[in-house]
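Student: Take a look at the letters that make up each chain.
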Amino acid sequence: MDDGFTQIWVYLSTTPLLGLTVTLVAYQTGMWVYTRAGLHPLLNPVLIAVLLLVGLLMLTGTEYRTYFDGAQFVHFMLGPATVALAVPLYRQFQKVRRSFVLIAAAVLSGSATAALGAIGVAWALGASRETLLSLAPKSVTAPIAMGIAEATGGVPSLTAVLVILTGILGAVLGTWTLNALRITDWRARGLAMGTASHGIGTARALQVNDVAGAFASLAMGLNGLATAVLLPLILGLIF
Amino acid sequence: MTLGFITLLLVFQLVGEVISKGLDLPLPGPVVGMALLFLALVIKGNAPDGLKDTANGLLKHLSLLFVPAGVGVMLHLHLIRDEWLSISAALVVSTVATIAVTALVMKGCCRFVDEETSKEPNDG
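Order-wise, the sequence lines are chains L and P.
According to the numbering used here, the first sequence holds residues 1 to 239 in order.
According to the numbering used here, the second sequence holds residues 1 to 124 in order.
Honestly, I wouldn't trust all of these hints.
Ranges between beta-carbon positions, derived for each pair [claimed, not checked]: (1) P:H76 with L:L59: 15 to 25 Å; (2) P:L77 with L:V208: 32 to 42 Å; (3) L:N209 with P:H61: 19 to 29 Å; (4) P:G57 with L:R182: 17 to 27 Å; (5) L:F239 with P:T2: 42 to 52 Å.
Worth flagging that the hints you see were computed from the coordinates, not collected in a lab.
C-beta: ideal position from N, C-alpha, C; glycine also.
Between the sequences and the hints, there should be enough to build the whole structure, so can you do that?
Tutor: In structure tokens form, the structure reads like this:
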């Protein structure tokens, strides 16, 4: 590296501009690949963006904290976006008001299966406490899941990645599982996809059927609320 | 997106944070804010168009917002390296189980709902 370039680099790496810009560029690269591949769930744009950024930081020897100083402006919007999730939840809730209790029962049984199933399997295979606590909220939409992980002693950034992987798994394995069980009702199919794999499952359900998409979106919001309220209580009993 | 509704979302988040910290709840502040906004909408009986637009604008790129936190996984790569087997097994098993349980419970419930709905004309 010549001196001029080094000086510019030293200057840029201390301003938020660089972290913010690379985050947006990486995300849009991910979106571009995902769209080009016909929205294939394996090519999730967030996963691509995270891999690109981790690679970039490692190659340039940049510390995560330095990067986050810039990227925190994007990160900050997670709070208001989480609050905004109330709006689509309310819209779906209006449509199913009458059968809301039954739907809530289905989502609750799914929430419990997701958290206890993940903790149970990982515990049986000898996972550490840190991993167990980060795994527990993995079926919940990422902004809520990270908040839960932080509140219960997990690692929020590990949870974020596990949430994305869960979404991809649900989108890939969902149709197969539901067909094997001969579930033909679009409401049940959508609800299952949204409960198990949040926004990624919802996007997949929407591609297939509108009713399934609406129920997936409802399930995603309900599961977020239910897990946030119940998981700390369940974890309190286990640990 | 209007400034007024962005302010409203921030106010709900702030109130959520205050309640969460003040009562020492294990719930994240933004989730409390979300629950409060949901309740407010149920009580009000409708969601203003401006609020819908603002929420849509924010949620359209929701997945961008958790990229910075996701990159933080680079600090915990040792966890994934040491425990990849238990993590992968847990993810696959619990995801398939969650889909199955939710769909089966809902299938049972749907039957119940449909019976209830088909009874309705006779009742009314």
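Student: Does each hint hold? Answer for all of them.
Tutor: A quick look at each hint next to the structure:
1. For H76 (chain P) and L59 (chain L), the Cβ-Cβ distance of about 19 Å falls inside the hinted range of 15 to 25 Å, so the restraint holds.
2. Between L77 (chain P) and V208 (chain L) the beta carbons are some 35 Å apart, a value that agrees with the proposed interval 32 to 42 Å.
3. For N209 (chain L) and H61 (chain P), the hinted distance range of 19 to 29 Å is satisfied, since their beta carbons lie about 25 Å from each other.
4. Roughly 40 Å separates the CB atoms of G57 (chain P) and R182 (chain L), a value that falls outside the hinted 17 to 27 Å.
5. Against the hinted window of 42 to 52 Å, the Cβ-Cβ separation of F239 (chain L) and T2 (chain P) comes to about 44 Å, which satisfies the hint.
The structure fails hint 4 only (numbered hints given earlier).
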